[in-house]
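2 protein chains.
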Amino acid sequence: MTMTAPPMLRNDAGIATAVAVLKQRFGEQISTGEAIRTQHGHTLTWIPNQIPDAVVFARSEAEVQDAVKIAAAHRCPVIPFGTGTSLEGHLNAPAGGVSIDVSQMNRVLRVNAEDLDCVIEPGVTRKALNETLRDTGLFFPIDPGADASLGGMAATRASGTNAVRYGTMREAVMALRAVTADGSVVTTSRRAKKSAAGYDLTRLFVGSEGTLGIFTELTLRLFGIPEVIGAGVCTFPTVKAAADAVILTIQSGIPVARIELLDTLQVKMVNAYSKLTLPESPLLLVEFHGTAAGVAEQSTLFGEIAADCGGGPYQATTEPEQRSKLWQARHDVYWSVVNAAPGKRAVATDVCVPISRLAECIDATAADVAETGILAPIVGHVGDGNFHVQPLVDPNDPAEIAKVEAFIERLVYRALAMEGTCTGEHGVGQGKMAYLEAEHGPEALELMRRIKKAFDPDDILNPGKIVI
Amino acid sequence: MTMTAPPMLRNDAGIATAVAVLKQRFGEQISTGEAIRTQHGHTLTWIPNQIPDAVVFARSEAEVQDAVKIAAAHRCPVIPFGTGTSLEGHLNAPAGGVSIDVSQMNRVLRVNAEDLDCVIEPGVTRKALNETLRDTGLFFPIDPGADASLGGMAATRASGTNAVRYGTMREAVMALRAVTADGSVVTTSRRAKKSAAGYDLTRLFVGSEGTLGIFTELTLRLFGIPEVIGAGVCTFPTVKAAADAVILTIQSGIPVARIELLDTLQVKMVNAYSKLTLPESPLLLVEFHGTAAGVAEQSTLFGEIAADCGGGPYQATTEPEQRSKLWQARHDVYWSVVNAAPGKRAVATDVCVPISRLAECIDATAADVAETGILAPIVGHVGDGNFHVQPLVDPNDPAEIAKVEAFIERLVYRALAMEGTCTGEHGVGQGKMAYLEAEHGPEALELMRRIKKAFDPDDILNPGKIVI
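Chains as they are written, first to last, in the UniProt record's numbering: chain L, 1 to 468; chain U, 1 to 468.
Treat each hint with caution, since some may be false.
[What the hints assert, rightly or not] Covered, in the sense of this in silico footprint (three residues per stretch, anywhere, with C-beta under 8 Å from a C-beta of chain L), are these stretches of chain U:
(1) 16-27
(2) 242-253
(3) 261-275
(4) 341-348
(5) 379-387
[To be verified] Here's a subset of chain L near chain U, in silico, CB distances under 7 Å, partners left out:
(6) 10
(7) 12
(8) 46
(9) 352
(10) 354
(11) 420
[Claimed, not checked] Which chain U residues stay away from chain L? Per the calculated CB distances, all over 12 Å, these:
(12) 226
(13) 313
(14) 440
Think of the hints as simulated: they come from the structure by calculation, not from any bench.
Every residue, glycine too, gets a C-beta built ideally from N, C-alpha and C.
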């Protein structure tokens with residue numbers, strides 16, 4: 001297999017007609033300039049860029065509807081675009097078509113403080129939402145790293161460091177509105193916290209990566225800002241010891257808000273980049289949310305568990321500045337990797353396994369990294385069994401690319417063999433399509449294809465992603 | 001509109017052939033006796049019973065597959081059956097067909113204590129599962145009242161008193177296996193805690209009420225048994241005061257495990273039935289799970305909030321026997337209603353609204369009960385905005401049935417007008433079908449129909465439920 005996306009047929013005539021009609025309808029809101037098109041088809045993987053034929057900047061649901069109706073009439077693909085931070089080629093246009101940029105649909109429409117929810121447009125980013133919420137005592141916890149649009153986060157079922165306590169976009173999205181393949185608008189659910197009224201369309205759209213509809217509104221769960229936030233770090237002799245501490249923490253019901261692992265290679269990289277002097281050994285970073293007494297209790301319990309598992313010393317604090325210092329190693333992960341080998345590109349991939357298999361999976365992966373002779377640090381949202389590997393690749397070295405592709409393939413099959421998944425949070429896009437049948441089996445894939453066909457019979461919604 | 005289910009065409013010849021073939025295949029495991037058929041088509045609503053033509057007692061996934069393949073070959077409907085405790089006519093056979101009883105598929109296949117999950121057959125009941133888990137320090141929290149089969153609970157997206165803290169079956173089911181319309185078996189997900197690998201088939205099957213497939217295996221999330229359980233009760237002058245206390249409790253981030261409301265009429269009924277002397281005023285019952293310090297802190301905070309909202313006195317305890325006493329009013333709700341008017345039948349219905357609208361919705365409903373001149377106490381899982389009304393009906397009095405039907409219709413439209421849902425946890429079955437379009441809109445209903453058609457083109461899986 002290869003990471004290169006399969007070629008798709010282009011409906012050249014239909015696309016040309018659709019773009020011409022869209023130009024008449026959207027005037028200055030449509031661009032066919034190469035720079036803008038390249039930016040909208042960009043990918044953070046090595047999958048070759050496949051840029052769209054035009055970009056429509058939609059400002060309202062009605063405009064998204066118009067754009068989709070025009071495109072649908074001429075069988076021209078449409079690809080929704082938020083902030084362009086997806087990682088698996090989600091925004092590529094393998095069959096050409098039009099990128100629909102919703103970044104200007106960025107209004108927070110309602111904040112329902114009593115119900116702990118809000119209604120937003122899809123272009124709102126997570127940081128912008130939290131900025132708006134600042135004075136309400138509430139916050140939106142899901143943090144995938146990038147300041148992604150919430151529409152994009154819903155589309156890829158994003159999660160991140162806080163998911164162990166607050167869940168993923170699967171749990172955070174209460175309802176949404178989407179423009180479907182024929183340009184009509186569907187509302188998936190009500191604002192009630194739970195419902196048993198029919199098929200769960202909300203959860204079906206979350207994670208559908210633009211292949212079933214284009215989101216135009218999201219209702220999201222919010223949480224009260226914790227009274228106190230505690231942070232801690234602890235070094236462990238082995239990944240196994242750290243993973244054991246994670247398992248015991250979760251089993252004990254300690255409602256840890258974040259629990260992140262850096263492997264030895266990643267610790268070396270942040271030491272080098274941030275001039276830290278952390279022991280060159282696996283590191284766990286934890287965060288606790290709650291009342292003063294609650295956080296103190298959680299932190300003490302975790303410290304005891306860490307010591308029982310051979311970790312230490314455990315440093316903890318609730319003082320904001322000290323917290324940032326303790327967590328600096330985690331915050332600097334990205335830049336430490338990017339700067340570790342100038343000229344190389346960091347390619348992020350992720351898998352997720354049951355936490356009982358986490359140590360085994362990470363150890364085998366670290367051994368594979370060493371054997372393969374690549375630079376690929378590991379950092380994990382280990383409370384969920386989810387970890388990232390970021391191989392550094394010279395984009396102009398086909399041999400190295402092939403080596404890393406083969407490594408990722410082994411990583412995925414290793415996770416699948418441990419009852420895991422080929423992606424915990426990055427999504428399928430083009431990069432993980434090849435693994436879906438091995439993960440889910442042909443029967444499940446057949447049902448996914450039928451859903452796609454039922455929702456989008458002409459295959460115009462982000463074609464060539466998830467299933468074909 | 002009427003609560004009576006719409007008539008459906010029967011494929012008499014096909015059903016007769018299927019039953020004959022099934023008899024050859026299943027021998028003593030199939031029954032056509034009237035008593036057994038009646039029991040398997042039974043309904044706890046007033047929807048007329050529509051009994052199946054035969055009942056197959058399946059003992060394995062392979063047997064479910066065989067039964068479905070034979071039925072499918074002759075376009076004979078199949079209706080999965082667990083314990084028969086559903087409330088909206090889910091088990092009726094409006095087009096005839098075969099009930100597939102999976103209650104003998106009741107093995108706990110694996111308990112993965114380190115991962116806090118287990119793999120079970122669908123006929124395991126929630127109490128049986130917790131019995132098996134007893135020595136592991138883990139428990140399965142979802143408690144809809146009845147000792148339902150977990151397959152049935154997944155099929156109706158059940159929840160109950162603990163959902164405010166532990167979620168519903170939507171969150172509890174990590175993966176499942178189902179026999180689909182052509183008799184093949186699909187596995188929906190892996191045992192990893194999260195995944196972004198394609199459409200969320202798990203959530204699509206959860207709540208599908210047997211219309212998309214028959215569950216043969218479930219992977220469920222488990223939780224650590226709390227170190228300490230605290231309980232409390234508090235009387236409030238009005239439903240509004242009680243609801244305000246609920247809202248503040250949730251907003252404050254108190255991880256309340258249960259928070260239940262009894263309205264004045266319900267309090268009167270339990271006083272009468274259980275010889276209690278509770279003030280005849282709305283009552284909140286709460287439960288807290290955690291460490292000793294955590295539970296004490298939660299209970300104190302709740303007591304302060306309750307007092308601020310005009311409630312009191314607040315009685316609380318962590319002593320098991322005292323806890324049972326405090327909660328007796330809640331435990332006796334069912335029998336207090338059943339015994340309130342001998343000869344009448346209690347018909348349970350439920351709706352769910354955003355909690356900011358809860359007081360208004362319950363007050364208007366209680367006023368409607370009084371005006372209509374029926375007996376219909378209210379009890380609610382109010383932390384989720386979900387409440388039950390249990391009108392007492394003389395099944396032989398068509399005028400009273402009509403009166404209660406009209407009352408339920410008003411209740412549903414009242415909840416919908418407040419951004420709520422026609423059912424928070426009982427499901428659609430036949431009883432709530434008429435409201436789905438008003439709740440979701442024609443576009444969403446059309447997508448649900450397309451999903452049903454894509455999964456079950458011949459409409460043999462529990463036909464006449466959810467959407468037709």
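For the stretch 242-253 of chain U, count the residues whose Cβ lies under 8 Å from any Cβ of chain L; is that count three or more? With 5 residues in contact (Cβ-Cβ under 8 Å with chain L), the coverage given for the stretch 242-253 of chain U holds.
In terms of Cβ atoms, is chain L entirely out of 12 Å range of residue 226 (chain U)? violated (7 Å)
Residue 420 (chain L) was flagged as interface toward chain U. Is the shortest Cβ-Cβ separation under 7 Å? holds (5 Å)
Hint status (Cβ of residue 10 (chain L) to nearest Cβ of chain U, threshold 7 Å): violated (25 Å)
Verify the coverage statement for the stretch 16-27 of chain U against chain L, using a C-beta to C-beta distance below 8 Å and requiring 3 or more qualifying residues. Since three or more residues must qualify, the claim that chain L covers the stretch 16-27 of chain U is violated, with 0 doing so at under 8 Å.
Okay, the stretch 379-387 of chain U and chain L, do three or more residues pass the C-beta test at under 8 Å? holds (count 3)
For the stretch 261-275 of chain U, do three or more residues have a beta carbon lying closer than 8 Å to a beta carbon of chain L? violated (count 0)
Let me know if the C-beta of residue 354 (chain L) comes in closer than 7 Å to any C-beta of chain U, holds or violated. Since the shortest Cβ distance to chain U is 4 Å, the answer is holds.
Less than 7 Å between beta-carbons is the criterion; does residue 352 (chain L) satisfy it with respect to chain U? holds (4 Å)
Is the coverage entry for the stretch 341-348 of chain U by chain L consistent with the three-residue Cβ rule at 8 Å? Coverage by chain L is violated for the stretch 341-348 of chain U (0 residues, Cβ < 8 Å).
Interface exclusion of residue 313 (chain U) relative to chain L, criterion Cβ beyond 12 Å: It holds; residue 313 (chain U) is separated from chain L by about 24 Å at its closest Cβ, greater than 12 Å.
Beyond 12 Å from every chain L Cβ: check whether that's true for residue 440 (chain U). It is violated; residue 440 (chain U) is separated from chain L by about 7 Å at its closest Cβ, not greater than 12 Å.
Against the hints set out earlier in the document, violations occur for numbers 1, 3, 4, 6, 7, 8, 12 and 14.
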